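Peer 1: Positions in the sequence shown are counted from 1; adding 22 to them yields the numbering used here.
FYI, nobody ran anything at the bench for these hints, they're computed from the structure. Please read all numbers here as calculations on a predicted model, not as lab measurements. Take the hints with a grain of salt, since some may be wrong.
[Said to hold, decoys possible] Label-pair restraints from in silico Cβ distances:
(1) Asp461 with Gln184: 47 to 57 Å
(2) Ala283 with Gln396: 36 to 46 Å
(3) Glu365 with Gln448: 27 to 37 Å
(4) Ser270 with Asp405: 21 to 31 Å
(5) Arg316 with Arg177: 45 to 55 Å
(6) Glu365 with Arg549: 38 to 48 Å
(7) Ser89 with Ala258: 23 to 33 Å
(8) Glu443 with His37: 22 to 32 Å
(9) Arg316 with Arg153: 22 to 32 Å
(10) Gly249 with His37: 16 to 26 Å
[As the list claims (entries may be wrong)] Keeping only pairs whose Cα atoms sit at most 20 Å apart, straight-line, the calculated EDC-like set for lysine to aspartate or glutamate is:
(11) Lys572 with Asp510
(12) Lys254 with Glu291
(13) Lys541 with Glu252
(14) Lys572 with Asp557
(15) Lys298 with Asp510
(16) Lys539 with Asp461
(17) Lys298 with Asp239
(18) Lys569 with Asp148
The C-beta atom is built at its ideal place from N, Cα and C for all residues, glycine as well.
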Amino acid sequence: MMIAPQPSSSTDIDHALDRLAAGAGTLQRMSLPQRLSLLERCIEAVADVAVDWVEAACEAQRIDERSPARTEEVTTGPLATMRFLRLAAQTYRDIERQGAPRLPGTVTRVAGQCRIAVFPTPLMYDSLLFRPMTAETWLHPEVPLVAPSAASTARLVDTQRQSDVVVVLGAGNVSSIPVTDALTKIFLEGSVVALKMNPVNDYLGPIFQRGLAPLIDSGLLQLVYGGVPEGKALIASEQTAGVHITGSIESHDNIVWGTDADREQRRAENRPRLNKTITSELGNVTPWAILPGRYSDAELRAQVQAIASSIVNNVSFNCIATKVLITCRDWPQREQFHQLLREVLDSTPLRHAYYPGAGDRFARFSGRPAEDPQRLPWTLLPDVDPRTAPHLLQEESFTPVCAELVLDAESELDFLQQSVEVMNDQIWGTLAASLTVPDAFQRSHADALDAALQKLRYGTIGINQWSALSFALMSPPWGGHPGASLQDAQSGIDFVHNTYLLDRPEKTVLRAPLRVKPKPIWDSTHRHPERVTWDLLDLYRSESMWKLLKLAIGSFTG
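Kindly produce the complete structure, drawing on both the sequences and the hints.
Peer 2: As structure tokens, then:
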């Protein structure tokens with residue numbers, strides 16, 4: 023049985039910050055080979071605790087040992103963390119050998135922007151599991167084509183640059199988020215980290231202590247437990263220079279502007295209560311637009327399965343869970359789409375609603391109380407009117423409710439243009455969005471599609487695939503579209519991950535065919551997804567031809 027750690031005392035917090043203050047000097051003096059050694063030791067340590075990590079998460083969320091949902095806890099927990107560690111380690115090796123990361127694909131300049139192929143990566147055997155998919159990161163127009171990582175690499179190797187103590191306020195929903203946020207700060211930004219665990223998943227703290235022991239023992243990381251008081255103590259300390267917030271926009275604004283009567287006055291005058299560097303990832307009302315073209319039955323079923331997975335994954339307790347489906351009223355296949363989606367949702371077992379307040383949020387966003395607040399139904403609200411239910415487009419629900427917004431469009435092109443305007447101007451957030459686009463449209467309207475992607479103000483855009491996959495890949499930067507400020511933080515400020523150290527990323531475009539083969543491990547109809555994910559994690563730990571063959575067999579027989 024899991025026992026949650028006790029909140030850290032003020033003495034515990036002081037000692038943790040003192041150790042980090044000393045660790046900041048240690049990190050500043052560390053050579054690249056020494057940091058690389060830490061990464062390699064963390065790979066072994068994380069692999070050692072991976073089973074305990076997943077079992078603890080499944081126990082806390084009441085996931086049955088035979089449930090395919092266990093796969094989620096592997097992929098978004100230790101597996102995603104192992105990807106980060108391996109990719110970061112390779113970046114360090116590349117910098118040692120050639121002075122900069124070796125990019126995995128082509129670098130082009132289109133419409134005045136550098137576009138960098140960041141996935142698949144040859145190091146991770148991505149072509150085996152994710153062969154049809156690609157990801158391309160678009161940079162700020164001022165970044166030169168010849169050296170897209172130069173500025174970020176220079177910061178990393180600058181031994182004169184001071185290492186600061188940064189507070190990471192850990193997420194409570196996806197277990198790799200607090201870990202990879204901390205790893206980003208340490209290995210890619212050169213800061214030491216006080217990781218304040220979220221009370222929702224602080225039971226993982228003792229496991230993280232073991233998996234990240236090389237960093238803790240070196241003074242580069244300390245874990246702190248508790249709630250708001252402990253977080254406030256860390257943030258207020260004179261020893262901390264920055265804060266990374268993963269949570270709601272309300273939490274961000276409470277930290278930055280306060281909760282008293284003068285809050286809005288301070289915001290209007292741009293006088294934040296917290297005068298420290300603040301980065302964040304604050305969620306999203308995630309849209310998915312389906313262009314009204316002609317799809318084969320197999321293509322439509324595959325897209326419905328992808329959309330359903332984006333709704334039910336992690337009981338919809340994801341900032342990136344699909345919350346608004348955008349369809350065309352005159353789309354001939356709209357009713358077929360509805361029927362298929364309802365069939366998939368109705369056949370998906372309900373799960374324990376482990377995140378606090380989910381039942382109340384469900385009642386508010388669905389318009390009806392839940393029969394069982396502990397097991398919330400997958401709910402689709404067809405053809406909503408945003409004038410009478412604006413919260414469905416403007417507030418993140420963190421509950422399994424998805425609304426359909428229907429547009430009246432004269433053509434596929436008209437629908438695409440309207441969808442871009444709706445996503446940019448009517449739906450809250452800048453983190454990620456997805457579009458389902460027929461092959462014929464991509465061929466006949468390639469320029470129009472590219473123009474739409476340029477206009478969309480999102481940090482990640484998925485074409486025919488759930489945009490959240492970009493998070494787990496770790497090579498693309500992850501965060502809200504640039505342009506947010508403390509006064510209007512939207513989905514957050516700055517990016518995490520970004521293991522190729524790309525300078526000033528703007529967005530990542532993830533592309534996939536309408537049907538992905540072999541069947542992806544996140545597909546709920548995969549026959550043995552958990553086995554494949556464990557095989558992949560084992561391969562990430564240490565490579566061998568036998569492990570690769572075993573993984574290939576599992577992937578192609580799913």
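Peer 1: Out of the numbered hints, which ones does the structure contradict?
Peer 2: 6, 7, 8, 11, 12, 13 and 17
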